[in-house]
Amino acid sequence: MEIIMSVLAGLLFTAGVYMMLQKQILKIVIGTALLSHGAHLFIITMGKLNRGNPPILTEDVTKYADPLPQALILTSIVISFGVTSFLLVLAYRAYQTNGTDNMEKLRGNEHE
Amino acid sequence: MSNLVILPILLPLLTGIFLVFFNSKLAIVRMITKVMVIVNLIAVSAVAYEVVQNGTLVLKAGDWTVPYGIVLVADPLAMVLVVTANIVATACAFYAFHSLDEQRERFYFYPLFQLLIAGVSGAFLTGDLFNLFVFFEVLLIASYGLIVLGGTKEQFRESFKYIIVNLLSSILFVTTVSFIYAVAGTVNMAQLAERVGEVEQGGILTTIAILLFLVFATKGALFPLYFWLPKSYTVPPTVISALFGALLTKVGVYSILRVFSLIFVYELTFTHQLFIILAAFTLVFGVIGALSTNNIQLIVAYNIIPAVGYMILGIGVFSTTALAGSIYYLVHDMIIKAALFLLVGAMAAYSGTSDLRKMGGLIRHQPVLGWLFFIAALALAGLPPFSGFVGKLLILRGAFEEGHYVVAVIGLLTSLLILISIIKIFIKGFWGEDKLESVPSISIRKKVAPAAFLLFFTVLLGIGAEFFYPTVQTIGDQLIDPINYIDSVMKE
Numbered sequence: 001m002e003i004i005m006s007v008l009a010g011l012l013f014t015a016g017v018y019m020m021l022q023k024q025i026l027k028i029v030i031g032t033a034l035l036s037h038g039a040h041l042f043i044i045t046m047g048k049l050n051r052g053n054p055p056i057l058t059e060d061v062t063k064y065a066d067p068l069p070q071a072l073i074l075t076s077i078v079i080s081f082g083v084t085s086f087l088l089v090l091a092y093r094a095y096q097t098n099g100t101d102n103m104e105k106l107r108g109n110e111h112e
Numbered sequence: 001m002s003n004l005v006i007l008p009i010l011l012p013l014l015t016g017i018f019l020v021f022f023n024s025k026l027a028i029v030r031m032i033t034k035v036m037v038i039v040n041l042i043a044v045s046a047v048a049y050e051v052v053q054n055g056t057l058v059l060k061a062g063d064w065t066v067p068y069g070i071v072l073v074a075d076p077l078a079m080v081l082v083v084t085a086n087i088v089a090t091a092c093a094f095y096a097f098h099s100l101d102e103q104r105e106r107f108y109f110y111p112l113f114q115l116l117i118a119g120v121s122g123a124f125l126t127g128d129l130f131n132l133f134v135f136f137e138v139l140l141i142a143s144y145g146l147i148v149l150g151g152t153k154e155q156f157r158e159s160f161k162y163i164i165v166n167l168l169s170s171i172l173f174v175t176t177v178s179f180i181y182a183v184a185g186t187v188n189m190a191q192l193a194e195r196v197g198e199v200e201q202g203g204i205l206t207t208i209a210i211l212l213f214l215v216f217a218t219k220g221a222l223f224p225l226y227f228w229l230p231k232s233y234t235v236p237p238t239v240i241s242a243l244f245g246a247l248l249t250k251v252g253v254y255s256i257l258r259v260f261s262l263i264f265v266y267e268l269t270f271t272h273q274l275f276i277i278l279a280a281f282t283l284v285f286g287v288i289g290a291l292s293t294n295n296i297q298l299i300v301a302y303n304i305i306p307a308v309g310y311m312i313l314g315i316g317v318f319s320t321t322a323l324a325g326s327i328y329y330l331v332h333d334m335i336i337k338a339a340l341f342l343l344v345g346a347m348a349a350y351s352g353t354s355d356l357r358k359m360g361g362l363i364r365h366q367p368v369l370g371w372l373f374f375i376a377a378l379a380l381a382g383l384p385p386f387s388g389f390v391g392k393l394l395i396l397r398g399a400f401e402e403g404h405y406v407v408a409v410i411g412l413l414t415s416l417l418i419l420i421s422i423i424k425i426f427i428k429g430f431w432g433e434d435k436l437e438s439v440p441s442i443s444i445r446k447k448v449a450p451a452a453f454l455l456f457f458t459v460l461l462g463i464g465a466e467f468f469y470p471t472v473q474t475i476g477d478q479l480i481d482p483i484n485y486i487d488s489v490m491k492e
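So the sequences go chain by chain: L and F.
By this note's numbering, the letter at position 80 of the first sequence is numbered 80, and the numbering carries on one by one without gaps.
By this note's numbering, the letter at position 152 of the second sequence is numbered 152, and the numbering carries on one by one without gaps.
Next comes chain F alone, as it looks inside the complex (with noise of 0.2 Å):
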């Protein structure tokens, strides 16, 4: 039964080695990709609704005792981010089939992307410090060769700084793990947690704890660790950087939540403080980069930066509340920055230039396009009926209730800036006077099907919303309290 924690690991992992030896016909590649991401999502989801049903599933890797060898673990939180993830990559993977060039095709594109699905999927399921850094690097490795795939010269000059940035976070990575291993003994995190508790969390532990902070925080693009991520997110081709930024940064706050709402919880008044005023920075700072430019794809690139800023808003308060709404609106935040990504990334091949002076009067041309983006800048900017809405009442209710007034008020005004921000690509691209000189011959229709597809989930995340709370309320529950994570691991 514990076994089928791996199936979200082994099955991209296995596709991506036999796709390699396929690699030059591109109609197999293609059908298999297609036939593999859909299975993959189904066996994901099987394993998630069983997780939610009955509980979490803890794999120990070669039938060692618990802290001697690797677990796997699948707690309700770690499977709901795997299916998102999933669910992310089919639409990512059916537009790849319809937006990348042959050669880009050919030159191992599918293999990289499985390879990357199994990173993300391994770093959300580990037990393990050690192997969330070999995870980190699975997935970071397969996203440098993804990032310089085509090698055009602003590819190679932006994904040198990115890849300098990760290497740099990699081996801050490396040394914390070493740090923690001389003082608790061991990189398993249930016993991890429990050796903290025991000692209460000195001096040194605060330091590493901080330490480590500044690792993910470089991967998940916090203020002021956010000055990579904007360029090197753009210069990619549309389905990449959707991918990357659906999945990559997602990664980075998935591991702060992990880590602060297990092991690092007994000197809040210190670390979770300073993540609501780095929040309040990052909230602020992203979106001033979303206001500042008219670059369609740096808009959106931008906005990653105060999605993060919510999420680790949420961690921060540290109440149920606030950290139901953080996992909401990361699983939101997960699906609609990849719509987002393919809605522009579709304007931009249909009117020739990702420039917003450029453009104008595409909703005579493309309507469903500009009535699917209409709905997708809603649903970031936190309009009632759709998901951002769910997620961000949860995580400012909880703010206000501990307390935290003015950071709260932040949060509600970059709301409205983030939306100015977005609506601006719908105001002046698709309203206006028609600037196409003539009427582009290319159907862009199979480019808007998966980001339909995604949209499709923003909506029932955001209507269905009371059909899922009680699932985010009880994963909310679970972390507040580590004993329970701790218990499931460690008892035989």
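Only chain L is shown next, with the shape it has when bound in the complex (with noise of 0.2 Å):
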């Protein structure tokens, strides 16, 4: 199962990278939430799957799920799911203040 978990990150890693080497603006935002979800996927997959129940406590269960890559994971999220919006947003300033989404034209030495 970790095996498979694992393979599956590293499919998203690569299309994240792909991504990001794009030159529109969003495909690079899209790019950068896939890294994301590689990222978490690879916390979830390296706290060992499969271990037993949710970490909840009830009777009669005494095998659990590793409860502190799930606590990681939940930080992480949100940390990403912040910055990304903010991302968005940005990039849809930059799209009106500079006209133009294509990173190739976003090079320059001019200053103010």
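None of these hints come from the bench; they were simulated from the model.
Check the hints yourself; a few may be wrong.
[Unchecked claim] Only part of the chain L face toward chain F is listed, based on derived beta-carbon distances under 7 Å:
1. I4
2. L8
3. L12
4. T32
5. A39
6. V61
7. T97
8. N98
9. T100
10. L106
[Said to hold, decoys possible] Below 25 Å or equal to it, Euclidean Cα-Cα: the simulated BS3-like pairs (lysine-lysine) are:
11. F:K161 <-> F:K60
12. L:K23 <-> F:K161
13. F:K358 <-> F:K435
14. L:K27 <-> F:K60
15. L:K27 <-> L:K48
16. F:K446 <-> F:K153
17. F:K358 <-> F:K428
18. L:K27 <-> F:K161
19. L:K105 <-> L:K48
20. L:K27 <-> L:K105
21. F:K435 <-> L:K27
22. L:K105 <-> F:K231
23. F:K161 <-> L:K105
24. F:K428 <-> F:K231
25. F:K446 <-> F:K25
26. L:K105 <-> F:K153
27. F:K358 <-> F:K424
28. F:K446 <-> F:K34
29. F:K231 <-> F:K153
30. F:K435 <-> F:K446
31. F:K231 <-> F:K424
32. F:K424 <-> F:K435
33. L:K23 <-> F:K153
34. F:K231 <-> L:K23
35. F:K60 <-> F:K491
36. F:K231 <-> F:K25
[What the hints assert, rightly or not] Each pair of labels, with its calculated beta carbon distance range:
37. F:P384 <-> L:L8: 58 to 64 Å
38. F:K446 <-> L:R93: 48 to 54 Å
39. F:I483 <-> L:G52: 33 to 39 Å
40. L:F81 <-> F:K446: 39 to 45 Å
Yeah, the Cβ is synthetic: ideal placement off N, Cα and C, and Gly gets one too.
These two chains come separately, so use the hints to put the complex back together.
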């Protein structure tokens, strides 16, 4: 199971890196979203899968899934959520102000 | 007693939250900021004095036993850096009152500023890798807000790249933490250090160490991961550049220092040798950038990179002398970079341009600014009476003692090139014929005062080196021997 999940996370990373190397701003944002999905999958995989019940204290259950990675993911998800929403608004404003969503055209040396 | 450890994080955090409510009343916001930066500086200095006198303070959040809860560790190294960060923050706050336009001030500059300080202090104090990630994000998200504040064309163009690079390295950080958790079963730094020591750091742990190094090297702008820094640091207003230049990259350097003196210290021939090679490249490439441009802000921004190179060199050499040198240089560089950004900003504000070719003869109009800049330039290059000398001397002496001659010579030559790059601003901007068409009516006295405040510490650190050196030497001793840190955290 861990192997399949690792391969899946690897595929997400590949797709994310490919998208980040595109020229269109929106594709780059999608790339970062894919990358963070990959990272979160890695966390849950690295905490070992399939260990037992959900980590809620109940009677007659002795084996639980590791609760720590789940807490880590939850933290990481809200952080990447905040950053992604900021990035989307920034992409929109940058498109409005600069008049282009092509990263190639967002070069330049001139300052104010 | 150990509850004092949270003060450097809690004070700016609460102030930041509080300031959000008074957003429209600028006079109140300024007054609260003025009072709170000073209160914070005094409080932090008191905690630091306590730590340096009586040893490390450890705060177990929620009274959980050590590896299970979050710990905040105020050891002398962290506290010295927190105090320095607060000195820089105080100067920047007072500069902001007199340099930012009202619209930017109204748009939550001060709350974001306070949150940035909270994030930086937290990153210095935390004793837990995942918590370090969270504090990194706290300071980065505040910096995202600050870098686009105002919304000019250039800011949008460069900040997008800045955010993408930092987001990528944050994702890599989370992934690396998950690898560490899979191998060692903990994210607490002290317990991690113990466990890595037990298994003598095999191949997989060295791989993780290098991944972690890549993350911090991106944040700290090391060769070849510095490409995002120079332009994105020059587009926001001066006071924000000064905050970034002084604090953000140094948090990356501190993390490398912490992780590679505490946890991953069993494959020195590979990891630390790599640092020395990268340090040499960082020194050379950073200084080439600084020599290549006529934009005064860009010159200062490029000079951040060789300074990071010196510190990484000290970490790579990994002897008590070199580590002490790195710490001295870290403190010196945080102060001097902020001072230089503020001085250069005042220059640009007075002459109305940041292009060196359009400047000249400023010394006739602003002699105080001129001579302060001269002192700052000498301190940056590391001339004897000022603070840059002591750190560089210790780092290079350490490098010579351990037999790294080539890189030490590169370091010496780089100092010369740094001096050329920075004194070029003085010669072309302050000397020569007067190129100002009319005498500007603006007063920059209140902008020069915060820079003078910072330069006072540069002189103090240089002349009073005898007084500060024993503390730094002790920190170096503690760093070289991780048992100190592990014991103070893991003991009941």
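Results of checking the hints against the structure:
{"no.": "1", "hint": "I4", "verdict": "violated (16 Å)"}
{"no.": "2", "hint": "L8", "verdict": "violated (14 Å)"}
{"no.": "3", "hint": "L12", "verdict": "violated (11 Å)"}
{"no.": "4", "hint": "T32", "verdict": "holds (5 Å)"}
{"no.": "5", "hint": "A39", "verdict": "holds (5 Å)"}
{"no.": "6", "hint": "V61", "verdict": "violated (21 Å)"}
{"no.": "7", "hint": "T97", "verdict": "holds (5 Å)"}
{"no.": "8", "hint": "N98", "verdict": "holds (6 Å)"}
{"no.": "9", "hint": "T100", "verdict": "violated (10 Å)"}
{"no.": "10", "hint": "L106", "verdict": "holds (5 Å)"}
{"no.": "11", "hint": "F:K161 <-> F:K60", "verdict": "violated (38 Å)"}
{"no.": "12", "hint": "L:K23 <-> F:K161", "verdict": "holds (12 Å)"}
{"no.": "13", "hint": "F:K358 <-> F:K435", "verdict": "holds (7 Å)"}
{"no.": "14", "hint": "L:K27 <-> F:K60", "verdict": "violated (43 Å)"}
{"no.": "15", "hint": "L:K27 <-> L:K48", "verdict": "violated (32 Å)"}
{"no.": "16", "hint": "F:K446 <-> F:K153", "verdict": "violated (29 Å)"}
{"no.": "17", "hint": "F:K358 <-> F:K428", "verdict": "holds (9 Å)"}
{"no.": "18", "hint": "L:K27 <-> F:K161", "verdict": "holds (14 Å)"}
{"no.": "19", "hint": "L:K105 <-> L:K48", "verdict": "violated (45 Å)"}
{"no.": "20", "hint": "L:K27 <-> L:K105", "verdict": "holds (15 Å)"}
{"no.": "21", "hint": "F:K435 <-> L:K27", "verdict": "violated (48 Å)"}
{"no.": "22", "hint": "L:K105 <-> F:K231", "verdict": "holds (16 Å)"}
{"no.": "23", "hint": "F:K161 <-> L:K105", "verdict": "holds (13 Å)"}
{"no.": "24", "hint": "F:K428 <-> F:K231", "verdict": "holds (22 Å)"}
{"no.": "25", "hint": "F:K446 <-> F:K25", "verdict": "holds (22 Å)"}
{"no.": "26", "hint": "L:K105 <-> F:K153", "verdict": "holds (13 Å)"}
{"no.": "27", "hint": "F:K358 <-> F:K424", "verdict": "holds (13 Å)"}
{"no.": "28", "hint": "F:K446 <-> F:K34", "verdict": "holds (14 Å)"}
{"no.": "29", "hint": "F:K231 <-> F:K153", "verdict": "holds (13 Å)"}
{"no.": "30", "hint": "F:K435 <-> F:K446", "verdict": "holds (24 Å)"}
{"no.": "31", "hint": "F:K231 <-> F:K424", "verdict": "holds (20 Å)"}
{"no.": "32", "hint": "F:K424 <-> F:K435", "verdict": "holds (16 Å)"}
{"no.": "33", "hint": "L:K23 <-> F:K153", "verdict": "holds (18 Å)"}
{"no.": "34", "hint": "F:K231 <-> L:K23", "verdict": "holds (20 Å)"}
{"no.": "35", "hint": "F:K60 <-> F:K491", "verdict": "holds (11 Å)"}
{"no.": "36", "hint": "F:K231 <-> F:K25", "verdict": "violated (33 Å)"}
{"no.": "37", "hint": "F:P384 <-> L:L8: 58 to 64 Å", "verdict": "holds (59 Å)"}
{"no.": "38", "hint": "F:K446 <-> L:R93: 48 to 54 Å", "verdict": "violated (32 Å)"}
{"no.": "39", "hint": "F:I483 <-> L:G52: 33 to 39 Å", "verdict": "holds (37 Å)"}
{"no.": "40", "hint": "L:F81 <-> F:K446: 39 to 45 Å", "verdict": "holds (41 Å)"}
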